[in-house]
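Q: Listed below, chain by chain, are the residues.
Number of protein chains: 2
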Amino acid sequence: MTNNFFERHKATLERAVEAAKTRGYWTPYNENAKSYPETAAPEGDAAFKARLNKKFELNQPGEEGWVGAERSPWGFDLGVQYPKTNVDQLIAAVEKTIPEWRKAGVEGRVGVCLEILDRLNKRSYEIAHAVSNTSGQGFMMAFQAGGPHAQDRGLEAVTYAYMEMARTPGQAYWEKPQGKFDPLKMDKTFHVTGRGIALVIGCGTFPTWNTYPGLFASLATGNPVIVKPHPRSILPAAISVEIARDVLREAGFDPNIVTLVADSADAPVTKDLALHPEVKVIDFTGSTQFGDWLEQNARQALVYTEKAGVNCVVIDSTDDFAGMIRNLTMTICLYSGQMCTTPQNFFVPKDGILVAGERKSFDEVAQALADAVAKMTGDADKAMHLLGGIQTPDTVARIDQAAGLAPVVLASQTLTPASAPDAVIRTPLIMKATSKQSDLWGHELFGPIYFLIATENTAESIAIVKNLVKTKGAITSGIYATDETIVDAMEDAMVEAGVALSVNLHGGVFVNQTAAFSDYHATGANPAANACLADAAFVANRFRIVQSRRHTAA
Amino acid sequence: MTNNFFERHKATLERAVEAAKTRGYWTPYNENAKSYPETAAPEGDAAFKARLNKKFELNQPGEEGWVGAERSPWGFDLGVQYPKTNVDQLIAAVEKTIPEWRKAGVEGRVGVCLEILDRLNKRSYEIAHAVSNTSGQGFMMAFQAGGPHAQDRGLEAVTYAYMEMARTPGQAYWEKPQGKFDPLKMDKTFHVTGRGIALVIGCGTFPTWNTYPGLFASLATGNPVIVKPHPRSILPAAISVEIARDVLREAGFDPNIVTLVADSADAPVTKDLALHPEVKVIDFTGSTQFGDWLEQNARQALVYTEKAGVNCVVIDSTDDFAGMIRNLTMTICLYSGQMCTTPQNFFVPKDGILVAGERKSFDEVAQALADAVAKMTGDADKAMHLLGGIQTPDTVARIDQAAGLAPVVLASQTLTPASAPDAVIRTPLIMKATSKQSDLWGHELFGPIYFLIATENTAESIAIVKNLVKTKGAITSGIYATDETIVDAMEDAMVEAGVALSVNLHGGVFVNQTAAFSDYHATGANPAANACLADAAFVANRFRIVQSRRHTAA
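Chains as they are written, first to last, in the working numbering: chain P, 960 to 1513; chain F, 960 to 1513.
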């Protein structure tokens, strides 16, 4: 039965393998919401509303009571209750699924993963509402990043897992010459085996995008997966797990190969799960503090972490000032800086920059950016879709505290759109600082908080960014420079520091966006993450190969 | 210049890539010592003798004095002195080589690695003498395992590294449709960067075979390598490092991309090296205790370990009793059980086994094995080549202590060959035990110490082995059974426990031997090792990919 799934999606997989090799543009999941069937939007809306103020039934082992307190940053409580889980009972049940999932074989497992992704794609509208109303992302961003783009990253993980598993044949024949004697002849069998139970710990801001890579990488390689979403963003994960369990059941497998463990902020269970001796693989996205704790303490498991960092852009010169400002404005406004890829620091020489050969002062650059951001966020009912809601009260407090730290170029405003009067929306805060004030900008201030930093010159800007990446980590970096020798110096520095670089973005690509199959997300080479999405290293150690051999029958 | 090396060995690399995919028999390095040029043997002998009682000059940074106290298990002191190293000074110099080695590029680095391997192959006789006179291996085994087979494993590591690095293109073009608007067009560059400085910690018994995989995997992927050999087996590593430095120098690189740090048992420097913040990758072969210490403490590095285990063979039935006994006799005698792959425990039902349908008692099986081993080790001057010398006084003491533990089936003898009167040679000790006496056989007793263990039945034998592999680790396992359902049960158990299985070996393949490009050595799936030689997981995380992107020029 599972073979049908593999055959059904084989052409997609083959195209995905090709895309991973060439790393050009490719996706099977359309990011254009309008390209979906006409019924998709109303059905997704209805499906989301039908979830509200109800129990989300999963029928998993070890259920004992209910949990759930999600509140939409758009201003209402979701009221969804999820099963509370007895971790030991659940893990005992999941443990039992390991042999059957191993014996499903590479194609059996990959087929199930591809079918799950296909169904997730068809449910993109429902998931978009769930993502938007937990993360606070504007609906269109929630649709794209939480739907097709997240599915792309899931497919990318399956693709790399497939390539790595398929590179070793299931059987081999070995014949060693023995001079004048008969050759030695052996038949060999190679079994792909998972590591054990995998745990995926989701984050609040990107509850599907940051969950699918680990989920699908572990699942494809033979590890049953327990999904532990952030207590503020359970619903998108719960819908995804429900779909996965449906597919598993239909394929004749134990649905407990994929399970959900929901918890609450006041009674967290993540540490219990992460330290369980049967948990052998962990994927985590979230704070540096908890990521470091996992790496130090969950020693029985392989731990893949994406943590915090301080992303920076160096501005030296440009021939397209308007394009640069437009591009950076979008970068700054998008989801109010609540992306792990958004730059916080913009380094500008204190004597200004060259624009098509003419000098613009530091303050002119600052003012141009502030004006553009102010303009883009002026209309609350329009801006809310771009800015999204602020997900946590901590971030709101951080904005208010930060405003007292340094001279303000653009103050943060509270927006109250008529269409969502209870939403929590704040416009970006932009401040000025000097290159000496690393106590201000030298660590992550999560949210829409930005520094324009005056440096001696671009060489100092590059040196500061390199050091910051190496010590505090970063997921992205950017430079604007018209002189190729300066771009080369930045590229060399960023390669040594280990962070992806975007050069002279002035069009429709933003430093905080990456495309699956082409852009690697994070590098695994600096403190912000010990892995990247997705490469061979992300999947190759999630399974092992166990062989048997015997003499070839005469 | 380096490109010449890549071009020179490209055909070998292509054939190696093919071999890694099909996993049939292949090697470019002939294991038949007689196949080498006539001058190779006398030149190798002379080169080895010329090393004795001299200073081994390496001209590395941070040299301060001399160290070295190797004694051949064949009965003489080598008298070779190696530079003592100031670790901080050396590491500072090695650190400086990182950018140039990265910029050499994939083909530049792989070419250098292939040239080093080719030269190591041509020096196989000299290295065989060095291996034999440090490890105690008989000359022919030292030639094969220390020469061509070690080179095979090195080449295998380079091959996997090359495949993983080459799978991502250096450049890519990305074009994303924008409906009726112009597409977004980006040029992307992908840089392969190493992790930092790599450390390879060698073992005393296989100073090249267990060193080359980590050395070449790290080197090919862009990490300068410091080789830290076991104080009893420095010479084979020193010759290898010297060759590597010659090749690097010829190719125009800083020779400090490969360096040696020798130390002594009373002033070890391994911990200082392993904890150095600049050391980012560590390969280790040796004791479980030190391997565990590295995994727990060298947190700044990726740590690949091969540690101790307890290898087992289950004997249920056979149609070729003579072949089985002959095969196991060889397995037991080869290098006196000082291989990490040699089985220690042989589980036999207490009511005996079926041989071509007729029952042979437990004691008949035991006696047949004891007689065959006694016969094979009867002539000291012949047996010495097979048994090799006992490498350490600890192992000699372990044999003597073990003899009092359980009923002895075959006592260990001290052999004194006329041709090597000062050699330390002991014949195998074989004892009887029951399945209840896991206090005797449930842990590794390194050396020629073996147990024949009476079980209730084969089902118990399999269950015990499965549990032992899961808890204590193992690198090999074997079974003799004529009933396919029993073989299947064993294979299933070994796949779940995570250890390679050899079935019904009665010819010229032994459970303790593996062939590069076909057999994986260790699995990384049980406590004996956290990695295997060699697969994608062994290489894929030793480097990271850092990208840059920019708009395609109009």
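It should be emphasised that the hints constitute simulated quantities derived from the structure, not laboratory data. Keep in mind that a hint or two might mislead.
Identical chains blur together in the list; that is why a pair holds if it fits in one copy or across any two.
Below, a list of computed lysine-lysine pairs in the PhoX-like style, where the Cα atoms sit at most 25 Å apart [as the list claims (entries may be wrong)]:
#, residue 1, residue 2
1, K1309, K969
2, K1081, K1135
3, K1043, K1013
4, K1144, K993
5, K1062, K1309
6, K1144, K1431
7, K980, K969
8, K1139, K993
9, K1429, K980
Q: Indicate, hint by hint, whether the structure satisfies it.
A: Hints versus structure:
no.	hint	result
1	K1309 / K969	neither (56 Å within a copy, 52 Å between copies)
2	K1081 / K1135	between (53 Å within a copy, 22 Å between copies)
3	K1043 / K1013	within (14 Å within a copy, 72 Å between copies)
4	K1144 / K993	between (60 Å within a copy, 23 Å between copies)
5	K1062 / K1309	neither (64 Å within a copy, 33 Å between copies)
6	K1144 / K1431	neither (55 Å within a copy, 32 Å between copies)
7	K980 / K969	both (17 Å within a copy, 21 Å between copies)
8	K1139 / K993	between (72 Å within a copy, 14 Å between copies)
9	K1429 / K980	neither (29 Å within a copy, 37 Å between copies)
Going through the hint list in order, the structure does not satisfy hints 1, 5, 6, 9.
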